[in-house]
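Colleague: Single-letter residue listing:
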Amino acid sequence: MTGPRRGESRSHRSRARFVELLKVQAKLALREPYALLGGLGLPAVLLALFGWISSQNPGNVGSTGLTVIELWTPTILVLAFIFISVSLPNTLVRDREIGWLRRVSTTPLHPSRLLAAQLIIDLILAAAAVVIIILGGALLFGASLHVQILPFGVSLLLAIAEIFAIGLVLVALLPTQTIAQPVAGVVVFALMFLAGLWVNPAQVGDPLRTIMYYSPSGAAVKAVVDSAFNGGASYAALLTMAVYAVIFGYIAVRYFRWE
Amino acid sequence: MVTVEHLVKRYGRRVAVNDVSFSIYEGEIFGLIGPNGAGKTTTVECISGLRTPKSGSISVYGLSPQKDRNKMREFVGVQLQESALPPRLRVGEAVNLFASFYANPQDPNELLESLGIKDVEYSPFRKLSGGQKQRLSIALALVGNPRLAILDELTTGLDPEARRETWSLIERMRERGVTVILVTHFMDEAERLCDRLALINHGTVRALDTPEAIAAKAGGSRVRFAPSQAVDDQTLRAIPGVNEIERKERYVTVTGTGDLAGALISALAAIGVRISDVEARAGNLEDAFIKLTKDDASSVGKGVQA
Numbered sequence: 001m002t003g004p005r006r007g008e009s010r011s012h013r014s015r016a017r018f019v020e021l022l023k024v025q026a027k028l029a030l031r032e033p034y035a036l037l038g039g040l041g042l043p044a045v046l047l048a049l050f051g052w053i054s055s056q057n058p059g060n061v062g063s064t065g066l067t068v069i070e071l072w073t074p075t076i077l078v079l080a081f082i083f084i085s086v087s088l089p090n091t092l093v094r095d096r097e098i099g100w101l102r103r104v105s106t107t108p109l110h111p112s113r114l115l116a117a118q119l120i121i122d123l124i125l126a127a128a129a130v131v132i133i134i135l136g137g138a139l140l141f142g143a144s145l146h147v148q149i150l151p152f153g154v155s156l157l158l159a160i161a162e163i164f165a166i167g168l169v170l171v172a173l174l175p176t177q178t179i180a181q182p183v184a185g186v187v188v189f190a191l192m193f194l195a196g197l198w199v200n201p202a203q204v205g206d207p208l209r210t211i212m213y214y215s216p217s218g219a220a221v222k223a224v225v226d227s228a229f230n231g232g233a234s235y236a237a238l239l240t241m242a243v244y245a246v247i248f249g250y251i252a253v254r255y256f257r258w259e
Numbered sequence: 001m002v003t004v005e006h007l008v009k010r011y012g013r014r015v016a017v018n019d020v021s022f023s024i025y026e027g028e029i030f031g032l033i034g035p036n037g038a039g040k041t042t043t044v045e046c047i048s049g050l051r052t053p054k055s056g057s058i059s060v061y062g063l064s065p066q067k068d069r070n071k072m073r074e075f076v077g078v079q080l081q082e083s084a085l086p087p088r089l090r091v092g093e094a095v096n097l098f099a100s101f102y103a104n105p106q107d108p109n110e111l112l113e114s115l116g117i118k119d120v121e122y123s124p125f126r127k128l129s130g131g132q133k134q135r136l137s138i139a140l141a142l143v144g145n146p147r148l149a150i151l152d153e154l155t156t157g158l159d160p161e162a163r164r165e166t167w168s169l170i171e172r173m174r175e176r177g178v179t180v181i182l183v184t185h186f187m188d189e190a191e192r193l194c195d196r197l198a199l200i201n202h203g204t205v206r207a208l209d210t211p212e213a214i215a216a217k218a219g220g221s222r223v224r225f226a227p228s229q230a231v232d233d234q235t236l237r238a239i240p241g242v243n244e245i246e247r248k249e250r251y252v253t254v255t256g257t258g259d260l261a262g263a264l265i266s267a268l269a270a271i272g273v274r275i276s277d278v279e280a281r282a283g284n285l286e287d288a289f290i291k292l293t294k295d296d297a298s299s300v301g302k303g304v305q306a
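Same order as they appear, the protein sequences are chains A and B. Here my numbering is used: position 22 in the first sequence is 22, and no number is missing along the way. Here my numbering is used: position 171 in the second sequence is 171, and no number is missing along the way.
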């Protein structure tokens, strides 16, 4: 075989095996549906709950200029990202602990491709969560969208990046499943609180409000609220998320281990 | 085809492998035997590129496992001692997935068939028995059509029938010309399968030869008999080749080297002693193993006393 054709067949093969890997990882994601239930199931329930609360309490919340469903739809979306993200330690810490990643590393496939496949599947889930939650909030529960498309897109990308990076930090730092599960649980609750699930940051006073807005999940909520419902952009929130994405991304890369 | 020279590996201050050297020829089954913690697994993990040695050199088909690991992965199949699959991954999916990683894989279906796990093709890993898991692990090591297969603790946890099936599978691999490195602590397995083997203890090679040669050299043969009249130890020790003497009831058991039974019969006949109920056994690998590892233990003990 000649050089270029050989290169071509190699790249073709590498694409074919990545597709095969994606299929297998997708099947596993359906059989162990942490990400699916946390990323789509639970948010759907919460959306219905807050939709109902919103219909019982029509009108704007305090001086925010937004209704209950408008205030909480971004929170629910960020929760979906959080749940998808913490499914990463659930599967990857285990796969590393049982020696699966090590086993794969003895084949021509680098285990980073396994991680890549997992991330692609989680990104697809996150995209589905965006569509379902934003459209669901707007069409089913009457949240009125005032979208600034560019800030909205950037907000989503940064929110997914920083929140997924938190999941990868957990994968990198937590050695075993027994440790990963409780730690991930605590992280999830902290992030849920900061995202305003119990009290919305728009309703609380300082300093809690500032803490929430400059937390990873609170900044994501603020960015989405402003770009999807207020027709504006919160540059402070975008910058906050970018900083978190870089910090968490660095830690995850720095401490990641395959075995 | 595989050369290991002066391999040294430490974990912290503990020396796992201390100056191990051997060569493996194309197409042979090479065994690494030794007690638990002897350094067998560390040695093969260095050969497969999973670990980096402290010093020494390793060459696998002319490549360095550490520097050329990407090239090596294509033709080296590895079965790891402790390695599980995601619990919900199914047998067929795992083998097909691994087949997709290689340029010239075996047909996954034929492989499952020949390993006797075709009927559990749709079972998830967590539902498999120990033997089925082990066979799947072997399938994953072989599906890429490797030129070198590294199999660590292949039959641990298998029932006798599954062990025999696995053995014949390895023999078929030899027929196909695959070079095999087999790590085991079962002497019967090493005796049956290996063309040559290295006995490793405390991180060093204690013996390197064919199983028969190691057995003959270190194991010695053993003869048990009933003498027609009492024979004292002194007389027996004078017979060439006799090393140890044990007595139980009217039986005398002698271990030693060479044609022990022949030497005993003629020497005792010369002094008018007839012997009956003779039971002679050639030394086997197990005896050699115990003797060689016991020698090490006693020399270590002496070292401490001195």
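If you are wondering where the hints come from, they were derived from the structure by calculation, not from laboratory data. In this text the structure is predicted, and so the values were computed from the model without any measurement. One or more hints might be untrue.
[What the hints assert, rightly or not] Simulated restraints, written as ranges between beta carbons of each label pair:
(1) Q181/A <-> N104/B: 17 to 23 Å
(2) L123/A <-> N104/B: 32 to 38 Å
(3) D68/B <-> I247/A: 19 to 25 Å
(4) V183/A <-> Y122/B: 31 to 37 Å
(5) L157/A <-> N104/B: 37 to 43 Å
For glycine and all other residues, C-beta sits at the position ideal for the given N, C-alpha and C.
Colleague: Could one say that the CB atoms of V183/A and Y122/B fall in the range 31 to 37 Å?
Modeller: About 35 Å separates the Cβ atoms of V183/A and Y122/B, which means 31 to 37 Å holds.
Colleague: So does Q181/A sit 17 to 23 Å from N104/B, Cβ to Cβ?
Modeller: Violated, at about 42 Å.
Colleague: In this structure, is the beta-carbon distance linking D68/B and I247/A contained in 19 to 25 Å?
Modeller: violated, 36 Å
Colleague: Honestly, do L157/A and N104/B meet the 37 to 43 Å range at C-beta?
Modeller: holds, 41 Å
Colleague: Between the beta carbons of L123/A and N104/B, is the distance compatible with 32 to 38 Å?
Modeller: holds, 33 Å
Hints 1, 3 from the list above are not met by this structure, while the remaining hints are.
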